[in-house]
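*Asks:* One-letter residues, chain by chain:
Number of protein chains: 2
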Amino acid sequence: MIDCDVHNDWASAQELMPFIDPNFRDYLERGELPGPTGAFPHAHRPWLHPEGFMLTDLTDDGHPGANFEVMREELLDRYNVDYVILTGEEAIEVSTLGNPYFATALASAYNNWMIETWLPKDHRLKGSIIIAPQDPEGAAAEIRRLGDHPDLVQVLMSSGSYRPYGDPQYHPIWEAAAEVGLPIAAHLGGQGGLNYNPIGCGPTTFFWETHALLCETGMAHVASLIAHGVFEKWPTLKFVLIECGVAWLAPILWRLDADYKALRKETPWLKRLPSEYARDHIRLSTQPLEQPKKRDHLWHILEAIDGRHTLLYASDYPHWDFDDPTQIKLPKEWHDDVFDGNARKLYTRLPEKVNGQQKPVNGSPDSSSTA
Amino acid sequence: MIDCDVHNDWASAQELMPFIDPNFRDYLERGELPGPTGAFPHAHRPWLHPEGFMLTDLTDDGHPGANFEVMREELLDRYNVDYVILTGEEAIEVSTLGNPYFATALASAYNNWMIETWLPKDHRLKGSIIIAPQDPEGAAAEIRRLGDHPDLVQVLMSSGSYRPYGDPQYHPIWEAAAEVGLPIAAHLGGQGGLNYNPIGCGPTTFFWETHALLCETGMAHVASLIAHGVFEKWPTLKFVLIECGVAWLAPILWRLDADYKALRKETPWLKRLPSEYARDHIRLSTQPLEQPKKRDHLWHILEAIDGRHTLLYASDYPHWDFDDPTQIKLPKEWHDDVFDGNARKLYTRLPEKVNGQQKPVNGSPDSSSTA
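Protein chains in written order, with this note's numbering: chain L, 6 to 376; chain X, 6 to 376.
Just so you know, the hints here were simulated from the structure itself, not pulled from any lab data.
None of these values were measured; they are calculated from a predicted model.
Hints are not guaranteed to be accurate.
To be verified - DEER-style ranges, computed between Cβ atoms:
{"hint": "1", "chain 1": "L", "residue 1": "His49", "chain 2": "X", "residue 2": "Arg77", "range": "52 to 60 angstroms"}
{"hint": "2", "chain 1": "X", "residue 1": "Pro336", "chain 2": "L", "residue 2": "Pro336", "range": "21 to 29 angstroms"}
{"hint": "3", "chain 1": "L", "residue 1": "Asn117", "chain 2": "X", "residue 2": "Arg269", "range": "17 to 25 angstroms"}
{"hint": "4", "chain 1": "L", "residue 1": "Gln174", "chain 2": "X", "residue 2": "Arg269", "range": "35 to 43 angstroms"}
{"hint": "5", "chain 1": "L", "residue 1": "Gln296", "chain 2": "X", "residue 2": "Pro51", "range": "30 to 38 angstroms"}
{"hint": "6", "chain 1": "L", "residue 1": "Gly40", "chain 2": "X", "residue 2": "Pro273", "range": "50 to 58 angstroms"}
{"hint": "7", "chain 1": "X", "residue 1": "Arg150", "chain 2": "L", "residue 2": "Arg284", "range": "48 to 56 angstroms"}
{"hint": "8", "chain 1": "L", "residue 1": "His49", "chain 2": "X", "residue 2": "Pro336", "range": "42 to 50 angstroms"}
{"hint": "9", "chain 1": "X", "residue 1": "Ile25", "chain 2": "L", "residue 2": "Asn28", "range": "19 to 27 angstroms"}
{"hint": "10", "chain 1": "X", "residue 1": "Pro336", "chain 2": "L", "residue 2": "Met22", "range": "27 to 35 angstroms"}
{"hint": "11", "chain 1": "L", "residue 1": "Ala44", "chain 2": "X", "residue 2": "Thr353", "range": "26 to 34 angstroms"}
{"hint": "12", "chain 1": "L", "residue 1": "Pro125", "chain 2": "X", "residue 2": "Ile25", "range": "57 to 65 angstroms"}
{"hint": "13", "chain 1": "L", "residue 1": "Phe58", "chain 2": "X", "residue 2": "Trp274", "range": "22 to 30 angstroms"}
{"hint": "14", "chain 1": "L", "residue 1": "Phe58", "chain 2": "X", "residue 2": "Gly186", "range": "40 to 48 angstroms"}
C-beta: ideal position from N, C-alpha, C; glycine also.
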């Protein structure tokens with residue numbers, strides 16, 4: 006008798022360590038895996054981060070975001086932060102699941118867990134209602150269920166998606182968000198599974214190549230939300246792009262304005278230029294802020310989108326590409342708005358500033374001189 | 006007897022005209038169709054151009070590009086053009102076909118037809134060798150077959166693709182191009198069929214929305230070619246992006262440089278920053294040149310990629326969004342390079358300039374003053 010299919014297994018994929026090309030050992034040792042150490046890399050997305058996503062010097066267990074004491078010390082107290090908007094970690098990945106009911110159940114579990122175990126830790130913590138956009142009715146119900154909680158300041162999902170977010174299938178979500186008066190945010194992530202390849206012309210190869218290009222999801226959502234008239238339908242709605250970069254917005258809006266002018270007949274419900282909708286409705290978080298050789302090149306392009314009033318400071322704590330607020334290079338006269346004022350205008354549930362005064366950020370921000 | 010499937014047909018989809026919502030009549034009358042007038046719109050790509058791609062005032066038949074007399078009068082003579090690089094019309098769409106052998110056969114047919122019926126018309130016409138990138142061996146053979154023709158100045162394919170062009174599957178093509186000494190160009194197009202959705206987060210809806218975002222394919226090819234070390238492997242190779250826009254390049258390179266610095270271990274074969282490879286190996290055609298409200302915003306961002314030496318003037322004749330050379334808004338001191346010098350350096354088979362003099366472009370280009 007010959008048995009033609011018998012599975013020989015390892016107890017842990019770590020057993021491969023002595024056998025793999027040394028150049029790739031780090032991928033197994035510290036890199037992105039679809040599970041705990043010892044999991045075998047399978048391409049839940051085609052490209053894996055070779056070093057993992059976390060700042061490794063904060064905690065020994067590889068989960069600094071799970072340790073509030075460290076977060077308080079290393080982020081809240083160190084930089085004298087008034088409020089931080091919590092965005093979860095893996096929870097936005099619910100958008101990749103084909104089963105919409107399970108996806109909403111997981112999002113809801115995150116929201117309950119965050120409300121019960123995180124918000125009571127510190128009055129400076131504010132939460133996001135995470136939703137599964139592939140389940141618009143379930144997402145809308147979740148927004149209405151939690152929408153009057155005073156410490157939840159936005160609705161959040163991944164930038165990876167099955168369709169660009171202007172599509173009518175998502176409108177029940179925007180309707181619910183407008184009803185409860187919360188902004189919508191899309192955070193970089195949610196690639197793989199149900200969602201489309203996030204980059205034009207197919208799967209990319211390396212993490213650094215891919216990470217630089219993931220802003221393409223942000224571009225598509227901005228264009229789609231504007232084109233479908235979402236901001237005409239819900240004039241109070243704001244849309245925040247988190248971790249998608251900022252410098253590309255002006256070039257994309259120039260293209261959108263030109264193409265809209267030529268073919269606006271396709272979208273007769275629009276009354277203004279795409280760039281005008283963007284100015285009023287789109288907000289961008291700063292991390293990772295682009296760092297050209299000549300600072301002026303960035304500042305000029307940000308001036309074209311009124312960056313002073315559309316950018317929101319974000320650190321991305323505790324991720325590998327964390328932006329230290331004392332190192333952000335933006336015009337000094339923008340600091341009050343970008344580090345504080347713009348977020349307070351957007352997240353209307355945050356308390357007013359006492360005396361209207363901006364507290365100084367700890368450290369010595371001195372970023373107004375040109376490089 | 007009941008027959009449950011009998012097909013009732015129209016002789017032409019034009020019969021639907023009296024029955025369709027008037028807002029959409031233009032889509033059927035003048036818009037993009039998968040065949041001649043009377044074809045029924047099916048989504049060979051998800052979004053259809055509502056007015057068609059051609060300048061409609063040049064000829065009555067809707068095929069101005071097929072009429073050389075009109076091209077000579079309206080383009081070559083009118084603007085006093087020394088040379089035009091022909092890029093075909095539908096031929097680059099061979100990249101969308103699943104059958105690689107048929108795709109190469111069609112590309113080859115275009116090349117033979119162009120050499121036999123177009124190049125003899127006028128010494129100012131120069132050709133591109135169109136290839137089917139999904140058939141790398143066939144493409145390489147086609148490049149070697151035609152590579153020594155003195156009037157063929159580049160290898161051309163669509164920007165839409167199955168994978169970003171740095172992928173090893175395409176390397177036989179770059180090998181052949183380097184061997185015959187021709188630059189490679191990717192022209193906007195080739196969406197649908199075999200190729201990936203060209204825009205992050207899935208199919209878009211409207212043509213103007215989509216057209217503005219199609220630059221995402223260019224971003225991915227630039228990143229991929231650099232990351233895979235194509236320009237280390239073939240140091241003489243140049244890569245031209247045609248009709249993908251230009252202003253986005255600087256922001257994308259800033260992101261690529263930052264991510265490469267952090268994770269360059271993934272690509273140990275690279276010796277320089279992504280932006281440095283781009284400066285030496287990537288060229289961009291100008292059409293459609295972005296038109297911000299403040300011209301300075303564009304000029305600054307182009308300065309960041311040394312636009313004076315990396316941009317190539319292109320009109321996109323006879324397409325709907327044709328750029329008139331007398332209306333291009335670039336710094337006056339860049340004109341000699343962008344309108345002439347950069348193309349002669351890239352397309353080395355073009356004759357040297359007589360007396361090294363730039364002939365004036367007909368019309369009155371006066372674009373150096375700020376808007």
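*Asks:* That 21 to 29 angstroms hint for X:Pro336 and L:Pro336 (C-beta), does it hold up?
*Replies:* 25 angstroms, holds
*Asks:* May I ask you to test the hint 42 to 50 angstroms on the CB atoms belonging to L:His49 and X:Pro336?
*Replies:* Hint holds: Cβ distance 48 angstroms, inside 42 to 50 angstroms.
*Asks:* Against the range 50 to 58 angstroms, how does the distance between the Cβ atoms of L:Gly40 and X:Pro273 compare: consistent or not?
*Replies:* For L:Gly40 and X:Pro273 the Cβ distance comes to about 28 angstroms; the hint is violated.
*Asks:* Is 17 to 25 angstroms a correct range for the gap between the Cβ atoms of L:Asn117 and X:Arg269?
*Replies:* 42 angstroms, violated
*Asks:* Has the hinted range 48 to 56 angstroms been met by the Cβ atoms of X:Arg150 and L:Arg284?
*Replies:* 53 angstroms, holds
*Asks:* Using the beta carbons of L:Gln174 and X:Arg269, state whether their distance is inside 35 to 43 angstroms or not.
*Replies:* About 41 angstroms separates the Cβ atoms of L:Gln174 and X:Arg269, which means 35 to 43 angstroms holds.
*Asks:* Is 19 to 27 angstroms respected by the C-beta to C-beta distance linking X:Ile25 and L:Asn28?
*Replies:* 60 angstroms, violated
*Asks:* Looking only at beta-carbon atoms, does the pair L:Gln296, X:Pro51 fall within the given range of 30 to 38 angstroms?
*Replies:* Distance hint for L:Gln296, X:Pro51 holds at roughly 36 angstroms.
*Asks:* Note whether the CB distance of L:Pro125 and X:Ile25 lies within 57 to 65 angstroms or breaks it.
*Replies:* 59 angstroms, holds
*Asks:* Do the Cβ positions of L:His49 and X:Arg77 conform to the proposed distance bound of 52 to 60 angstroms?
*Replies:* Given a distance of about 56 angstroms, which is inside 52 to 60 angstroms, the answer is holds.
*Asks:* Between L:Phe58 and X:Gly186, is the Cβ distance one that fits in 40 to 48 angstroms?
*Replies:* 44 angstroms, holds
*Asks:* Is the distance from the Cβ of L:Ala44 to the Cβ of X:Thr353 consistent with 26 to 34 angstroms?
*Replies:* 52 angstroms, violated
Hints 3, 6, 9, 10 and 11, counting from the list given before, are not met by this structure.
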